[in-house]
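With chain A held as given, fit chain B onto it using these hints.
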Amino acid sequence: DGGITQSPKYLFRKEGQNVTLSCEQNLNHDAMYWYRQDPGQGLRLIYYSQIVNDFQKGDIAEGYSVSREKKESFPLTVTSAQKNPTAFYLCASSDSGGSGNTIYFGEGSWLTVV
Amino acid sequence: GNSVTQMEGPVTLSEEAFLTINCTYTATGYPSLFWYVQYPGEGLQLLLKATKADDKGSNKGFEATYRKETTSFHLEKGSVQVSDSAVYFCALSNAGGTSYGKLTFGQGTILTVHP
Chain A
1 DGGITQSPKY LFRKEGQNVT LSCEQNLNHD AMYWYRQDPG QGLRLIYYSQ
51 IVNDFQKGDI AEGYSVSREK KESFPLTVTS AQKNPTAFYL CASSDSGGSG
101 NTIYFGEGSW LTVV
Chain B
1001 GNSVTQMEGP VTLSEEAFLT INCTYTATGY PSLFWYVQYP GEGLQLLLKA
1051 TKADDKGSNK GFEATYRKET TSFHLEKGSV QVSDSAVYFC ALSNAGGTSY
1101 GKLTFGQGTI LTVHP
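Protein sequences, first through last, are from chains A and B. Position 40 of the first sequence, counting from 1, maps to 40 under our numbering, and the rest follow consecutively. So the mapping is simple: our numbering equals the position in the second sequence, first residue as 1, plus 1000.
Hints are computed from structural coordinates only; laboratory data are not their basis. Only a predicted model underlies this, so the values are computations on that prediction, with no experimental measurement involved. Don't take every hint at face value.
As a list, the in silico BS3-like pairs of lysine-lysine whose alpha-carbon atoms are at most 30 angstroms apart [unchecked claim]:
hint: 1; chain 1: A; residue 1: Lys57; chain 2: A; residue 2: Lys70
hint: 2; chain 1: B; residue 1: Lys1052; chain 2: B; residue 2: Lys1068
hint: 3; chain 1: B; residue 1: Lys1077; chain 2: A; residue 2: Lys57
hint: 4; chain 1: B; residue 1: Lys1052; chain 2: A; residue 2: Lys9
hint: 5; chain 1: A; residue 1: Lys70; chain 2: A; residue 2: Lys9
hint: 6; chain 1: B; residue 1: Lys1077; chain 2: B; residue 2: Lys1060
With the rest of the complex left out, here is chain B:
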């Protein structure tokens, strides 16, 4: 079956530090990969996505590259801000069979950025 594993949190950084949140996946075929962000008490917002190998998704200074050879989709940002404090979820979507169209999520990584 499909599965997503994220690095253990929480992650605490100072403002302007470099961020990496690791994400690896297990899936058959060619899944699409996503990063979602959840601010306190809110639903999830799409941060970025990549639909095929070697694609790079980017948004708001965040980037992630779809690496099929290492089955990874690590999230990076060069300089974090206090407003980036949130929970980040890595997810995959795999068409076909009973998993058609549904997202499989990692457990989430809590990021706290201090001034």
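The following block holds chain A by itself, in its conformation from the complex:
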């Protein structure tokens, strides 16, 4: 089946640790995105990438890093510099960056700091 796969579904991080969330898509989409969702709030954009080997900061990029070495993969690293990382993280992709194109989402990953 075509879609976006995020892993792990649940992840626990100790204070001071970096963790990486995986996102893989087999939709052959050029653009990929990472969003963060906090309870009772909408989604906020962390990073996005329109082509391989290129990515841009979103609204809340501090404390996060990404790479785009392959078209189908866009991993997100939550670094120890992120002060409040506990949240639901959603990866997404679209055919291109155009405003009319639909952005499709993965099932999400829950990150909890313990």
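The following block gives chain B in isolation, referenced to the frame of chain A:
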């Protein structure tokens, strides 16, 4: 900048009631507008979209019309079901400049439908 404002929730309805969730936006140019739905513990699914003024998006009995004069994209359904219980997000996408291709979301509205 771009922004989306949704009506405050949560919204609680009885089955077969009429649903309206208000959404207004602020954006330059000509954004595309979307409604996404999120079921508990899951990612977001596109419900419907409209890419230009006066377009009506529709899906699964839900409808929304892109009103440029009132900068609104209100979601409606004539008869809700228990299975419609979810969180609904209004969003816009605006091409050009640094906002190229990204979605700006409202805060979400929780809908609960009772039998």
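For each hint, the structure was consulted:
1. A:Lys57 <-> A:Lys70: Satisfied, since the Cα-Cα distance of roughly 18 angstroms is no more than 30 angstroms.
2. B:Lys1052 <-> B:Lys1068: holds (9 angstroms)
3. B:Lys1077 <-> A:Lys57: violated (37 angstroms)
4. B:Lys1052 <-> A:Lys9: It is violated: about 36 angstroms lies between the C-alpha atoms, which goes past 30 angstroms.
5. A:Lys70 <-> A:Lys9: Since the Cα atoms of Lys70 of chain A and Lys9 of chain A sit roughly 22 angstroms apart, the hinted pair holds (cutoff 30 angstroms).
6. B:Lys1077 <-> B:Lys1060: holds (9 angstroms)
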